[in-house]
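**Student:** Chain by chain, the residues run as shown.
Protein chains: 4
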Amino acid sequence: MIKVGIVGASGYGGGELLRWFANHPEAKVVAATSKTYAGEPIGKAFGSLAHSDLTLSDDDLSSVAGCDVVFLGASDDAAMCMAGPLLKAGAKVIDLSASFRFRECDEYARWYKSEHKAATLNAEAIYGLPELHREEIKSANLIGNPGCYVTASILALAPAAKAGLLDLNSIIINGISGVSGAGRSKFCLDYHFSEMNESAWAYKVGGTHRHTGEIEQELKALAGEEFKLTFTPHIVPMTRGVLATCYGSLKSACAAEEVKEIYKSFYKAEPFVQVLDGLPITKHTVGSNHCHIGLAVDERTNRLIVVSAIDNLGKGMAGQAIQNMNLMFGLPETTGLQAVALWP
Amino acid sequence: MIKVGIVGASGYGGGELLRWFANHPEAKVVAATSKTYAGEPIGKAFGSLAHSDLTLSDDDLSSVAGCDVVFLGASDDAAMCMAGPLLKAGAKVIDLSASFRFRECDEYARWYKSEHKAATLNAEAIYGLPELHREEIKSANLIGNPGCYVTASILALAPAAKAGLLDLNSIIINGISGVSGAGRSKFCLDYHFSEMNESAWAYKVGGTHRHTGEIEQELKALAGEEFKLTFTPHIVPMTRGVLATCYGSLKSACAAEEVKEIYKSFYKAEPFVQVLDGLPITKHTVGSNHCHIGLAVDERTNRLIVVSAIDNLGKGMAGQAIQNMNLMFGLPETTGLQAVALWP
Amino acid sequence: MIKVGIVGASGYGGGELLRWFANHPEAKVVAATSKTYAGEPIGKAFGSLAHSDLTLSDDDLSSVAGCDVVFLGASDDAAMCMAGPLLKAGAKVIDLSASFRFRECDEYARWYKSEHKAATLNAEAIYGLPELHREEIKSANLIGNPGCYVTASILALAPAAKAGLLDLNSIIINGISGVSGAGRSKFCLDYHFSEMNESAWAYKVGGTHRHTGEIEQELKALAGEEFKLTFTPHIVPMTRGVLATCYGSLKSACAAEEVKEIYKSFYKAEPFVQVLDGLPITKHTVGSNHCHIGLAVDERTNRLIVVSAIDNLGKGMAGQAIQNMNLMFGLPETTGLQAVALWP
Amino acid sequence: MIKVGIVGASGYGGGELLRWFANHPEAKVVAATSKTYAGEPIGKAFGSLAHSDLTLSDDDLSSVAGCDVVFLGASDDAAMCMAGPLLKAGAKVIDLSASFRFRECDEYARWYKSEHKAATLNAEAIYGLPELHREEIKSANLIGNPGCYVTASILALAPAAKAGLLDLNSIIINGISGVSGAGRSKFCLDYHFSEMNESAWAYKVGGTHRHTGEIEQELKALAGEEFKLTFTPHIVPMTRGVLATCYGSLKSACAAEEVKEIYKSFYKAEPFVQVLDGLPITKHTVGSNHCHIGLAVDERTNRLIVVSAIDNLGKGMAGQAIQNMNLMFGLPETTGLQAVALWP
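As they're listed, the protein sequences go chains U, X, S and E.
Using my numbering, the letters of the first sequence map in sequence onto residues 1 to 344.
Using my numbering, the letters of the second sequence map in sequence onto residues 1 to 344.
Using my numbering, the letters of the third sequence map in sequence onto residues 1 to 344.
Using my numbering, the letters of the fourth sequence map in sequence onto residues 1 to 344.
Check before you lean on any hint, since a few could be wrong.
In this list, chains with the same sequence are indistinguishable; a pair is considered to hold if it fits within one copy or across any two.
Listed below are the simulated PhoX-like cross-link pairs for lysine-lysine, each with C-alpha atoms no more than 25 Å apart in a straight line [claimed, not checked]:
| no. | residue 1 | residue 2 |
| --- | --- | --- |
| 1 | Lys44 | Lys28 |
| 2 | Lys44 | Lys268 |
| 3 | Lys3 | Lys92 |
| 4 | Lys228 | Lys251 |
| 5 | Lys138 | Lys92 |
In case anyone wonders, no lab produced these hints; they're calculated from the structure.
Working from the sequences, and respecting the hints, build out all of it.
**Tutor:** This is the structure in structure tokens:
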């Protein structure tokens, strides 16, 4: 049984890891930490775990000593501090922050307006998107786990980028997210039920969202060329779910069916990516680790439009993190991850 | 591996059974039927199962021949017809309709305005609420699986009824339900998102809801006396969840803490019922098989108020049905039912 | 043109007054104050008023000097301090807090756990429910404007109390409210969209909600007898709307149609109360000043069940306050209040 | 007092017209027709109008005889049949269908896959977007009233198109709509509350949405050049609201502030269009006739991104129709349209 530690377990990412691990036959959460709830039963932080006898520990390294794997649900700064000692102590580390997602520390600094504080570690970190980096993940000790918009966007565009179908500089990604993507602590009037309900808006318009760089990094690697894209996130009144609608000009005319074949072939062995005949619906993935992808070609304008849907806390966070863990520990990749989306 | 059949698998009850069974280590759905989707892959009925290779069969008995257990998600009439042949063929039957929930066929006829068509079978059916009928369920072949309001209400009032705390004729149950309780096919303008969203209403006011008789039946058996209660259901704009707020006059003054002890003691060995120190929140149970209960005493009026929360499709339907199956097949009661509620 | 001042204009009550006054042909908001937004255009507090050129003033008395009527959307303490000077300066005052809702200051102190600080003023305040106190309101200078649960509950029970139909001590009121009832500033994790959405719960269970005393006061006056009731509020995932489901034992058997006639007769001249043949739906009142009432008799238990629906910020707050103002200034009662509920 | 007739009054457009007219001081609905509810009080179709004494008439021309203006909320075919006789009888006609929105009947036929049946009338119809066609509307007798996506999109892009800022062929419009946009009768399982709630999806992906042609028509006229754009609509779980996020490549680098000045200048005299310093939020427009616009420039990719928000049933339908009526009858344009959005 793999001994699991979770740092920052009272946020949405931590809670979601606890939810998934309740059904994992080969791993058990033995330590979970929280600044806010240290010393309290986990049921205080999550009423959904009222029946659990797990107690939240102080939010420091000693709490997770002896764990085989530690999931870091902390700030970037905390993650950069904690990852080193944990690795030295022999634990594998899966980091949910942005700390270890960029191959180049400079690129991190550019998007996060802050110097990277663990450059050496970063050099050995692997980007935790199994569909693109499966083999490296298997032997990794430190994973930078991608976020929700990024996972949805890269999975939507990877086959097209790889196949060279698109004029990459034409790419526009229009993201729609549920409110849980804003996290549990970032709690402002905007997310008050009364104000958020029955409303929709765009934010960080104009290329300033930090996920942009991460998406470009992975697509560049696949396509082998430099480019810049536009990414615009939106928030709508639902709790979970990310829908990425991705637009790109086709280099040459190409029927939708042809593109679909390229996509189906690209993902044919993937347990968690389904290329649909129709279009994806976020709710079909809520609570699961699946990514659904649909696509069409706008023949009037010669654009490819790919739409992908995931649960931002599932494949967009905790589910993917466990998928990485399974790979790192030599388990079948789907172990403990076969949950079907809640419907309705 | 237990071979499972589901009749009427394209409704919400059927879909929920399929969702739960995806994580059940000792049982496997080998046949699922649907009038509407016969011959289609299950992904047509539920996009959440796009990755499944199960195909829906014609909606008749031959489709589920050879199953060890059959869950009936059909109409009352169909259930009364199908149960007999299935039992004869050696299958155990768990019926999700109202057909086998009443000890007295007359009582069924009174509430459902229709003669009972399988009186002999009804005599051997067991009411599938494990917290009250565990031992009988273990040896049962035919289960009448209770519905959502009923499960929430009975679990909220059983300890008080058993302990004789209440003037039973004073009982009023105020139920609040999510919209999925109306089912997938009962599709009228009332449930159109645009009209249902941001709205709340009461329905079947004045004692006409058919669940009333079922609640009375079980509480009478516990208390050993006749009585009549008032039950008023409400619908509010959420998908899943039932909250039952139950009022009853205390026979003699009794502190809330005292009552709470009686409740904690009554449910102390139950894996799926938690008596809280605070008050329950429906969302803490969504996607799980748990029932959360909280209570208070209104000292000004000497009333006990017990509030219970469940997922109407979990403990209120499919989760409970599988809990019954586990008992009938000698499995640990919690097998495959350890899912934690989705939060947020 | 009546010169209107609003103190505390950046809360939901203040915003709603501004919304209603935009369509009032005989009154104009000339001053609106806010601690948080002093000096800012109103569009900063409410994006819905981006087109308005009103600027928010400092939150003190001088800001509303010269107004014919001042609406106080402040705390109880502030209201008790400000009402006197405003009245002395010749303004009429309509107070949205609880300060002037109780005939007896002792009763206020009992429910609000705080001494009443303006007993002399309280003696001349009128309870602002036009359907019960129309004539007194016409000549009043100071109004204690009732809250949402209270308005819905009293309107639901007044005809029955007046007609002596009920055993008053049997009354149980089960209230359901949208989230805006919690106000704009009371901002805790409970109301975070992600946690509130898809959830329902009861709160202040056991007779501790402060609105209880206010409901009892008005029904006692109508019935001419002492009694105590139980009131249990619930919150559900919608923004606006209050549904009060009121239960009471009939003194003697009485058909629903008979009771309905009593209700229709009681409210026959009321422009804002509709006694329906069916049951009310909160959404039918959202954005309006209407109260919809429906009822049934549970013949098995001899209980009358009356259900009423209002918009908590309309008839439950700002609409009613303007209705009071119209009466105080000799205007037709419906002036500026003819808005139809938003549907869908 | 202008005598108003509404054909097809039991749909969302009709109901919204009735809501708006309740506050219009210069016009009165004297006839409203409905196939479904002919002979019934309007309260049957809309519970929000339970207090109204209007009765719905049979759905034919005689019902609206003698009206000064008739709003057609019927199918395209019915509108093409009815408009002629109504005009002949001296009524002005404002049509909510697509029948009279295209300058070229061929263009109508291309997008609607159906021959235009009233080409002569179409030649005299005016496109009812007051911000672009105010003077023609003033003297028009027949108006083709634009729909919701179209209004939001054209208002978002008109100033840029007029000023020649954009490479028009690069335009991508990503629309997000509330569910009421699907209408009251188009009632499929997709819009069932339980399935639509907590979900988001794209539809008609690949340039097949019929509004595309209408947007192109108006922008072409402003820019004076041919082009083709991509429009992708999305549906999210809210009732009202349209958000159009519009992307276009700038012909030459241009600071956001510069573009904003162009926009503010373009709309400076418009009572219902606000160019914001920040970004629009759909809920700030719900229930109103306002359009909010915000914009940014993505300097990395040299794209202009303009976001606009409206209420799809307000400025996107009924509010705009009344704005047209005001112009046609020489009333101040804002008469009866000053409602402020419901907040929260």
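**Student:** None of the hints should be skipped; say for each whether it holds.
**Tutor:** Against the structure, the hints come out as follows:
In this assembly of identical chains, Lys44 and Lys28 lie within 25 Å of each other by CA distance solely inside one copy; the values are 20 Å within and 35 Å between copies. Within a single copy, Lys44 and Lys268 get their C-alpha atoms only as close as 43 Å, which misses the 25 Å cut-off; across copies the closest is 20 Å, which meets it. Proximity of Lys3 to Lys92 under the C-alpha cut-off of 25 Å is restricted to the intra-copy arrangement: shortest distance 11 Å within a copy versus 40 Å between copies. Proximity of Lys228 and Lys251 under a CA criterion of 25 Å is satisfied in both settings, with 16 Å inside one chain copy and 17 Å between copies.
For a Cα distance limit of 25 Å, the shortest separation of Lys138 from Lys92 inside one copy, 11 Å, qualifies, whereas the shortest one across copies, 45 Å, does not.
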